[in-house]
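Engineer: Throw the hints in and build the complete structure from the sequences for me.
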Amino acid sequence: MAEIVLAYCASHAPMMSSARMAAPEEQRNHFFGALDHIRDEAVARGVEACVVLSNEHYTNFFLENFPQLCIGLGEKNWGPTEEWLPIDKVWIPGHAGLANHIARHTLNAGFDPAFSHQLELDHGIMTVYYELDHDMKIPLVPIVQNCAVPPLVPVRRAYEFGKALGDAIRSYPGLQRVAIVGAGGLSHWIGTPRVGDIAEDFDRWFLERLERGELDQVLDLPDSELELAGNGAHEIRSWLAVAGAVEPARPRTLAYEPVYPWITGMAVAQWETSPEREQTSATVGAQDTRREESRT
Amino acid sequence: MSWYQMHRCVYDWVRAGEVNSAAGGEGRAGFDVTLYELTDDERKAFDNRDIAAFYNLGLHEVLLNRFCRAAGFARDDYRKILAPFGEKEERKARWQK
Numbered sequence: 031m032a033e034i035v036l037a038y039c040a041s042h043a044p045m046m047s048s049a050r051m052a053a054p055e056e057q058r059n060h061f062f063g064a065l066d067h068i069r070d071e072a073v074a075r076g077v078e079a080c081v082v083l084s085n086e087h088y089t090n091f092f093l094e095n096f097p098q099l100c101i102g103l104g105e106k107n108w109g110p111t112e113e114w115l116p117i118d119k120v121w122i123p124g125h126a127g128l129a130n131h132i133a134r135h136t137l138n139a140g141f142d143p144a145f146s147h148q149l150e151l152d153h154g155i156m157t158v159y160y161e162l163d164h165d166m167k168i169p170l171v172p173i174v175q176n177c178a179v180p181p182l183v184p185v186r187r188a189y190e191f192g193k194a195l196g197d198a199i200r201s202y203p204g205l206q207r208v209a210i211v212g213a214g215g216l217s218h219w220i221g222t223p224r225v226g227d228i229a230e231d232f233d234r235w236f237l238e239r240l241e242r243g244e245l246d247q248v249l250d251l252p253d254s255e256l257e258l259a260g261n262g263a264h265e266i267r268s269w270l271a272v273a274g275a276v277e278p279a280r281p282r283t284l285a286y287e288p289v290y291p292w293i294t295g296m297a298v299a300q301w302e303t304s305p306e307r308e309q310t311s312a313t314v315g316a317q318d319t320r321r322e323e324s325r326t
Numbered sequence: 407m408s409w410y411q412m413h414r415c416v417y418d419w420v421r422a423g424e425v426n427s428a429a430g431g432e433g434r435a436g437f438d439v440t441l442y443e444l445t446d447d448e449r450k451a452f453d454n455r456d457i458a459a460f461y462n463l464g465l466h467e468v469l470l471n472r473f474c475r476a477a478g479f480a481r482d483d484y485r486k487i488l489a490p491f492g493e494k495e496e497r498k499a500r501w502q503k
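Going down the list, the sequences are from chains P and U. Numbers in our numbering are just positions in the first sequence, counted from 1, shifted up by 30. Numbers in our numbering are just positions in the second sequence, counted from 1, shifted up by 406.
Bear in mind the hints are in silico, worked out from the structure with no lab data behind them. Where is the CB? At the ideal position from N, CA and C, for every residue including glycine. Take every hint as true, because none was put in to throw you off.
Chain P is faced by these chain U residues, among others (derived, beta-carbon under 8 Å):
no.: 1; residue: 410
no.: 2; residue: 424
no.: 3; residue: 466
no.: 4; residue: 484
no.: 5; residue: 492
no.: 6; residue: 501
no.: 7; residue: 502
Structural biologist: The structure is reproduced here in structure tokens:
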């Protein structure tokens, strides 16, 4: 059966690709240093496929039919769609076996995900997937979530779906080493007069709740309150799905930077799902420090 | 009632310029706005790329953001256009002391 050998979440502001150098150097190095560490871990742990959850930004679905969840079952998916996003537009290999298994398992567990045999992937998945694998060859099972167009599923429901998703991955016999990734958040506003604001207090509170395992305070959040951290904060549903998938593991925040030029609270957090690796992963901060020192 | 038509028009225009699996991203040049049943105000907002008008007409924020990016606004460059419509938030969230 498959093991979840890598579990992490990262913010997916498109400017991390399109305006990378606009971020202050220290923030940029800290954020991408964490993603560099994740990429190294993926290689070291022999990740065979990844499941990436992210918000649907009116790319695949419109108002005629807007699923709360959609699993990409196809042999391949396309991305990124944004003409201005500087990532090569390519066919991304899927993993139909794992994806179909996830769909069947979560249906049997009481969820009703939609499915698609060809998804168009926007910055939501592509920015983070690209940082995981610059060659974009790791088979990807995309799961798009509705984090934007009300009515939305309650945040607790996203967490519960994550539990079923984790069980699905761990019961899949066709692979041994799978990564699960949440892409999105943290606080940000888009398309409103507050675009550019970042709710640093929310971001730090949310990351602390995850690290402490005090999820009830998060899972009880109604959308009206969550929106006080920005309409983009609904994307914590992707983070909570990953948290559910690997419970009772708790994450460690590898980076948090309120990057105002990217209009987003940018974070990377990793859940250690392989206990024997905890000691190795705990050195990431020191590694980053050494990397910084070597540049000076 | 044209709320749907306004959204459909903006969505189709944004997607027409993207690099989708079946098209190369040149679709905005020949975009025919007359195919949509827009009110005069909606049509003016589209023709003038009027961000403030679309905001006040109730265009969904995600779609408005995508429209801004596709129309050439980068990051939060449209903030100053929308700033006059902001309202002071009086509510407190559980993470705010």
